[in-house]
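J.: Quick mapping for you: the protein sequence lines, in order, are chains A and B.
For the first sequence, the residue numbers in my numbering are 1 to 53.
For the second sequence, the residue numbers in my numbering are 1 to 504.
Hints were generated in silico from the structure; no laboratory data involved.
By construction, the Cβ of each residue, glycine as well, lies at the ideal position given by its N, Cα and C atoms.
Among the clues, some could well be false.
What the hints assert, rightly or not - The calculated label-pair distances, taken between Cβ atoms and stated as ranges, are:
(1) B:Gly464 to A:Ile26: 51 to 59 Å
(2) B:Pro236 to A:Phe30: 17 to 25 Å
(3) B:Ala18 to A:Ser5: 40 to 48 Å
(4) B:Thr461 to A:Asp45: 54 to 62 Å
(5) A:Phe30 to B:Val21: 19 to 27 Å
(6) A:Phe30 to B:Thr232: 43 to 51 Å
(7) A:Phe30 to B:Leu394: 31 to 39 Å
(8) B:Ala301 to A:Ala28: 38 to 46 Å
(9) B:Ile207 to A:Ala28: 52 to 60 Å
(10) A:Ala28 to B:His372: 35 to 43 Å
(11) B:Pro236 to A:Arg42: 16 to 24 Å
(12) A:Gly13 to B:Pro373: 30 to 38 Å
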Amino acid sequence: MDWVSFWKYVLFGAVGVFALMSLWVIVAGFGDIQRMFGELRRQRDSHTEDDVQ
Amino acid sequence: MLAAFSTIDWAIVAVYIAVSVAIGLLANRVISGISGYLVAGRSLGTALSIATMTGSELGLITVMYQAQKGYVDGFKALHIGLVAGVVTLLVGLTGFVVVRLRRAGVMTIPEYYELRFGRRTRILGGVLLALGGILNMGLFLQVGSQFVVAVTGLDAGGTTLKLVMTGLLVLVLFYTVLGGMVSVVLTDYVQFVVLSVGLVFMVWLVISKLGMDNIVQVWRDRTDIEAFDPITGHGPAYISWQAVIGFVSCAIWPTAVTRALSARDETVVRRQYLFSSVSFMIRFLVPCFMGVCAYVYLTGAGAVLASDGGFAHAGVDYGSIQAFPVMLREILPIGVLGLITAAMLAAFMSTHDSYLLCWSSVIARDVIAPLHPRGQEQGRQLLWTRIGIVVIGLWVLGFGIFYTPGQDVWDYLGITGAIYFTGAVSVLTFGLYWRRASSTGAVAALVAGFSALLGLTPIKTSVGLADVGAEVVGLGTLGLSMLAMVVGSLLFPDAQTREPGGAV
Numbered sequence: 001m002d003w004v005s006f007w008k009y010v011l012f013g014a015v016g017v018f019a020l021m022s023l024w025v026i027v028a029g030f031g032d033i034q035r036m037f038g039e040l041r042r043q044r045d046s047h048t049e050d051d052v053q
Numbered sequence: 001m002l003a004a005f006s007t008i009d010w011a012i013v014a015v016y017i018a019v020s021v022a023i024g025l026l027a028n029r030v031i032s033g034i035s036g037y038l039v040a041g042r043s044l045g046t047a048l049s050i051a052t053m054t055g056s057e058l059g060l061i062t063v064m065y066q067a068q069k070g071y072v073d074g075f076k077a078l079h080i081g082l083v084a085g086v087v088t089l090l091v092g093l094t095g096f097v098v099v100r101l102r103r104a105g106v107m108t109i110p111e112y113y114e115l116r117f118g119r120r121t122r123i124l125g126g127v128l129l130a131l132g133g134i135l136n137m138g139l140f141l142q143v144g145s146q147f148v149v150a151v152t153g154l155d156a157g158g159t160t161l162k163l164v165m166t167g168l169l170v171l172v173l174f175y176t177v178l179g180g181m182v183s184v185v186l187t188d189y190v191q192f193v194v195l196s197v198g199l200v201f202m203v204w205l206v207i208s209k210l211g212m213d214n215i216v217q218v219w220r221d222r223t224d225i226e227a228f229d230p231i232t233g234h235g236p237a238y239i240s241w242q243a244v245i246g247f248v249s250c251a252i253w254p255t256a257v258t259r260a261l262s263a264r265d266e267t268v269v270r271r272q273y274l275f276s277s278v279s280f281m282i283r284f285l286v287p288c289f290m291g292v293c294a295y296v297y298l299t300g301a302g303a304v305l306a307s308d309g310g311f312a313h314a315g316v317d318y319g320s321i322q323a324f325p326v327m328l329r330e331i332l333p334i335g336v337l338g339l340i341t342a343a344m345l346a347a348f349m350s351t352h353d354s355y356l357l358c359w360s361s362v363i364a365r366d367v368i369a370p371l372h373p374r375g376q377e378q379g380r381q382l383l384w385t386r387i388g389i390v391v392i393g394l395w396v397l398g399f400g401i402f403y404t405p406g407q408d409v410w411d412y413l414g415i416t417g418a419i420y421f422t423g424a425v426s427v428l429t430f431g432l433y434w435r436r437a438s439s440t441g442a443v444a445a446l447v448a449g450f451s452a453l454l455g456l457t458p459i460k461t462s463v464g465l466a467d468v469g470a471e472v473v474g475l476g477t478l479g480l481s482m483l484a485m486v487v488g489s490l491l492f493p494d495a496q497t498r499e500p501g502g503a504v
């Protein structure tokens, strides 16, 4: 395989995999954001309770 | 025939900027304590970790310098992306460095230095890290300006551009100061959405306009350079240097490592690196290929090439780094140009916010706090971090206006980064994996790494090393630093041997 074919395979293969991965990251990432906010609110509330005590 | 940057394009950019401000305000409402501010409460899941790692590491600066590499060197420059992707994949498979760091439970890299080697190593490491990092981001604003000038057609010499760039920087400072890592993560996610769609679409559009066979043929016709084979075109030293930079970018560079330290657990860290290996490859590969295409487009459009890599097109002189945005301006339809520009500005902003937060937190937690009698108070650390963000932002603005790099942007970034990372590679890898590594060895390694400063063109020239390549200086410094670590540790062992995790 010459360098031209090699770079074509690398480029198209990487872009294809990236496109598929991006779809998953966009969908699953949205769920992660909701969980992150839930966790941060929990941490904030526990800090507030500590402050009160 | 210059396609104007239309009102629709500006509107798309304005909407993106408004979303960023809203995110800063939203994030500020859920932040509590230093952990929430610096590592988002360690609550990131796998997908969000990948998005934020891609968002922060795929900056406009990355896009611009890789496009410049592709424009100047042709297809062979694609090896930089390939090497980076493979190295990140290996880190994901083995968990090398990052898993042990996450296990140590630290929030910054110098914090690990203290755990393993004591306070003086933490302070010295923090100073070098901040110095290398802040110098490294010195060109970000300048290169971002060059993109905006080329893509919008704004007057480079006028005050409009400076006002636009200052405005963007103020915006970044605003939401980063307010929301810390949570703001950074959220803007990174938005950027990931816009940028991933934009990159894939851009590749398709450019290939459909220029034709893949035509792109290859134009580069085949060049007889002045080797355009495809990186081994004969660049040489083994250069490729090895790219492998080192690829490893450092994902496993040593603090902005990337912070994502590993913010992850929920070690499993997330491994998955994060496995998947991010695709992003680390793409962030170099696609912009580099765009640079390759920009050369084909501009020569086909009658641009006159200069010997320094610059070109004259439609009566205007440009630098080689502007080839890619000039092509974008002329090839993309109205609306899509706005979308891609918003994606690039998103890239610009999300890299700035990550870097500002990272360097300022290191200065606050690892340099000032250990030296201040009340340095462990969270409120003080938060205040110092926020002040640091503003001060570094102002410095970046000044540096961007006054400094002109005497070398490729990529090489400048490699060398300024090396001031920190050549020492850090030694201290982290030996610290995490070699029980006999000592604090004297660590300090010697950090000091030896500082000699990478010799690779900067003005300094290299002044000491008579003008003909030595940046990659030779970088590799030499790395070797020197490792040697210093080993010799220093063997000659001056610590009285108490600490476990690689930090326990005595």
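J.: Using the beta carbons of Phe30 (chain A) and Thr232 (chain B), state whether their distance is inside 43 to 51 Å or not.
T.: At roughly 47 Å between Cβ atoms, Thr232 (chain B) and Phe30 (chain A) fall inside 43 to 51 Å, so the hint holds.
J.: Please check whether Pro236 (chain B) and Arg42 (chain A) have a Cβ separation lying inside 16 to 24 Å.
T.: Since Pro236 (chain B) and Arg42 (chain A) have Cβ atoms about 52 Å apart, the given range 16 to 24 Å is violated.
J.: 52 to 60 Å was suggested as the range; check whether the CB atoms of Ile207 (chain B) and Ala28 (chain A) agree with it.
T.: violated, 29 Å
J.: 19 to 27 Å was suggested as the range; check whether the CB atoms of Phe30 (chain A) and Val21 (chain B) agree with it.
T.: holds, 20 Å
J.: Holds or violated: 31 to 39 Å for the Cβ distance of Phe30 (chain A) and Leu394 (chain B)?
T.: holds, 35 Å
J.: Assuming the hint says 35 to 43 Å, is it satisfied by the Cβ distance from Ala28 (chain A) to His372 (chain B) or not?
T.: holds, 42 Å
J.: The hint says 40 to 48 Å between Ala18 (chain B) and Ser5 (chain A); measuring C-beta to C-beta, is that right?
T.: holds, 46 Å
J.: Okay, Gly13 (chain A) versus Pro373 (chain B) on CB: inside 30 to 38 Å?
T.: violated, 57 Å
J.: Taking the beta carbons of Gly464 (chain B) and Ile26 (chain A), is their distance inside 51 to 59 Å?
T.: holds, 53 Å
J.: Just tell me: holds or violated, for the beta carbon distance of Ala301 (chain B) and Ala28 (chain A) against 38 to 46 Å?
T.: holds, 42 Å
J.: May I ask you to test the hint 54 to 62 Å on the CB atoms belonging to Thr461 (chain B) and Asp45 (chain A)?
T.: Because 59 Å falls inside the window, the suggested range holds.
J.: I want to verify a distance hint. Is the separation of the beta carbons of Pro236 (chain B) and Phe30 (chain A) within 17 to 25 Å?
T.: violated, 44 Å
In this structure, the hints that do not hold are numbers 2, 9, 11 and 12, in rising order.
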